[in-house]
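Chemist: Take a look at the letters that make up each chain.
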Amino acid sequence: MEFLMAIVVGILFMAAVYLILSRSLLKVILGTGLLSHGAHLLILTMGGLGGAAPPVLTEGVTDFADPLPQALILTAIVISFGVTAFILVLAYRTYAEHQTDNMNLMKGNDEHD
Amino acid sequence: MKTNDVILQTTTKLVFFIIFLFSIHIFFAGHYTPGGGFVGGLLTTGAIVLLLLAFDLKTVQKALPFNFTIVTGIGLLLALGTAAGSIFFNVPFFTHAFDDFTLPLFGTTSLHTAMIFDAGVYLVVVGAAVTMIQTIGGDA
Amino acid sequence: MNFVLLIFLPIVAALVVPLLFRKLKAIHTGWFVLLVPIVLFIYYIGFIKTTMDGGHAIAELQWIPSLGISFVSYIDGLSLLFTLLITGIGSLVVLYSIFYLDKNREKLNNFYVYLLIFMSAMLGVVQSDNVISLYLFWELTSISSFLLIGYWNTRDRSRFGALKSMMITVFGGLMLLGGFILLGIMGDTFSIRELIANASTFVGHEFFTLALVLVLLGAFTKSAQFPFHIWLPDAMEAPTPVSAYLHSATMVKAGLYLVARFTPIFAVSEVWIWLVTGIGLLTLFCGSLFAVKQTDLKAILAFSTVSQLGLIMSLLGAGALAYHSDDAIFKFATFAAIFHLINHATFKGSLFMIAGIVDHETGTRDIRKLGGLMSIMPVSFTVAFIGSMSMAGLPPFSGFLSKEMFLQSMLAIRHFELFNFATWGILFPVIAWIASVFTFVYSFYFVFKTFAGRQKSEPLPNKPHEAPSGMLVSPVILASLVVVIFFIPNIIGKWFVKPAVMAIQPGLYSHPSDVKVDVAAWHGFAAPELWMTVSLVGVGFILFLTMARWQKLYDIHPEYMSLNALYDSAMLFSEGGMNRISRFYMTGLIRTYLIYMFAFIAAITAATLFIKEAFVVDMESFTPINLYGILNAIVLVIAVSMVLLAKTRLSAIIALGGVGYSVALFFVIFKAPDLALTQLVIETISVALFLLAFKHLPSLSNHGLTKRNKLGNLIIAAGVGITVTLVALSAHSQKLIPSISQYYKDTVATEAGGGNIVNVILVDYRGFDTLFEIAVLSIAGIAVLAMIRLKLSRKEESTDENK
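Chains as they are written, first to last, in my numbering: chain A, 1 to 113; chain B, 1 to 140; chain C, 1 to 803.
Hints listed in this document are in silico derivations from the structure and should not be mistaken for laboratory results. We put the CB at the ideal spot given by N, CA and C, even for glycine. Be a bit skeptical, because a hint or two may be false.
What the hints assert, rightly or not - Cross-link-like lysine-lysine pairs, in silico, BS3-like; alpha carbons within 30 Å at most: (1) Lys107/A to Lys463/C; (2) Lys13/B to Lys695/C; (3) Lys695/C to Lys62/B; (4) Lys107/A to Lys107/C; (5) Lys58/B to Lys463/C; (6) Lys552/C to Lys107/C.
To be verified - Partial chain C-side listing against chain A, Cβ under 10 Å, derived: (7) Ile488; (8) Ile491; (9) Trp522; (10) Leu736; (11) Ile737; (12) Ser741.
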């Protein structure tokens, strides 16, 4: 199963990077969304997918899934929500101010040093 | 965003309370079964989002007259206060305490200071998420 | 009391200066600052008794004990002499600056803060026993010198001069650091005393010569020795008190201090003697030669300082011969060096102050416009006359004594037989004599072209008059010292010079009184140095009188061949080159930078995996594939490709939601109920968020991304994707240390009283993470609010304007 997951994670990262490198601001945001999904699954896969039961103490169960990656991912999910919302607003405010979402036109220049 | 879907609005009124109560349940159950401050807070936010979609921003603000940035602040203070409280008992920062109590009606329950911390998390999640959605929705 | 703390007294005082400047406008800030050097001077005078007996005082303040780095204040004859120069001349300069700098027009707070920082740094340089803290203070003097030269920061010349001095001295400083570290490796200590004690073991060490050259580079750049002297004339853009203090009396002498201090370690080396003596003499020669060419009063003094520093440097080099020869004359050279150092500080300090006064009262420093000031400014003239005659080496002024001793030492080098001196030794007195002739010429040039003769017909920018008496106090004190020292050279010798000599040559004496030097003005007619002086006065006087005829000879030397031109073109070239290089890769496009990042992440990670042979896949540890997993993976890949291929915003957002839900399903499959719940709710809210912001979002467009761009993106994306897959596989297959999860599982019921391990980790075991996380979430929420509110308030403003 880990092998399959590793490939899925790879695909998610690949799609995310491809989108982030595009010139459209909206695609960059979509890319960051995919990137966080990829990162979550990556942590889960690296920790191992074994375990017969959820990490909740229950009578007679000793083979839990690893709780640590889950705790890390839970934190990451909420953070990525906050960041996505932030980037979303940043992006559409930028779009409104500059009347463009072309990343190639949004570059720094020497006049603003 | 003025909608006038009577069926949606009527259902929403009912479903909102179901989701809200469920979120409270999930929040309290968090220490022993799946759930906790994050999920609870997000579910509450989800319920409020549903209200926002069914009614408009103004109606929701009238129904829930909180300033959600202040809710965020209270949540942060609660969480930090719980963490800092331990130093008054001469134990390291962030040491939680728990014990079993026998309460009338509920029987024997264990009470945790971690619960108060989780309540802080709950409030921050609700406050921050609703603030974001309200401002984005209100941006004309 | 731990007197190492006194080093920091000026810096601490600097903290109060801006406050005093702001609150007490009526009183010149300089009066408060003046207290600092005076207090220090009086305190340090108390050490004279100790050093006169050949003793020393020491105080230590630990800094980084694990690396053997500490602040040590080590006061022996040499450091005490420098300390007294720093605080003594410092007091006079601050007093002078009170009248020189107008309290209403100048940014006195900046000026005195820089000056006090410099004072601390300089005290640190001369008292530090630890080479690392010495280096630290050394660089601090460069920085404060930079700030002081650029004090009038609106002038182009000031900024240029400041940068130039910084470039050269900091280059030297870095070399010095290298030398110190090599010494530290050789001696396994950073303490100068311990290094000196172990010095005999360094000879023949592979780093010995390299360390020597590096330390000398540091000393030569700081002391403006040829060919690094070019920064000093440009540093004259600093206010005159700074020139008098940093660029003649103290900072430029730090290099001399360094050479003197490290003489016991390096003097055994032939390279050391040749470099120090040779470069010193060369600098003396060039400096005096070019001083005659200058037309700016301060520039004359700058070149003369360069040449005098060379003189002292060559004497220190000759003094190192004492380690190879029993001839008393070479011990004598070290004495002469220290003695001349004191003399130079006094007469050059007074001359700089006079140049400042002339500038201040007439409005120009151009010697071609000046003349005949003698009757208008009699006091200034007297001081200038005393200073110049001392510089020229005439009696009855202190410069005469040290000049005689210098000539005597140079004559003695002829007779030294080691290291090829027998062949080349004759050059030393010859060059010394020629340089002395030019020294004589520029001394006369300085004082008589300014003060004697007739006033020029062209009126001066200001109507000249004598300076206020407060301004004259400091130069008059220095000038009287010049005369006094001539009459009591042996007392000065006993108090200051001999203890310092003993510090430079510790192995040769057991008590300062063992230095058998008796300074006298008169050695009888048979003394060759007397006839050298007589002849140089004669030739010099003729040259001075005929100056107008031969001064033009300097113009033959083309400007573009000079060291300055070399420096300028090197700076221009490196600046232009760097600019081109950075422009080549800094395109300003986020996409370019992201490509760099992703490409490097992929390349470095993949390379590490294979070089370190970290890529190991342990098929055994894999869990069996289940059907739901495969199906869900297919759904996820389809959703991802829909995001990639979507033509409209709406379909892209919905596809992204689909990815999120299938990720949530993975969490269900892999027994993570908390994650699944959270992911489901978050995904719902996120989609709602996207839809709420929908009307503000731009439509999807390629913006003319070409096929080639797309291919490039695809290659990098594929590289990152494959690397991540490999990392995921190998990370899963290798567990270097056991996971802490087991501890959590074991203690969750007993220690934390909970059942849901994930939630207990969040709120208890790793509560800090959660605390910071909710803080980040709040910040994101407030940022969203702020960004949108910001726009609203700006819109309101613009509508107000429209009304």
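Chemist: Tell me the numbers of any earlier hints that the structure contravenes, in ascending order.
Modeler: 1, 4, 5, 6, 7, 8, 9, 10, 11
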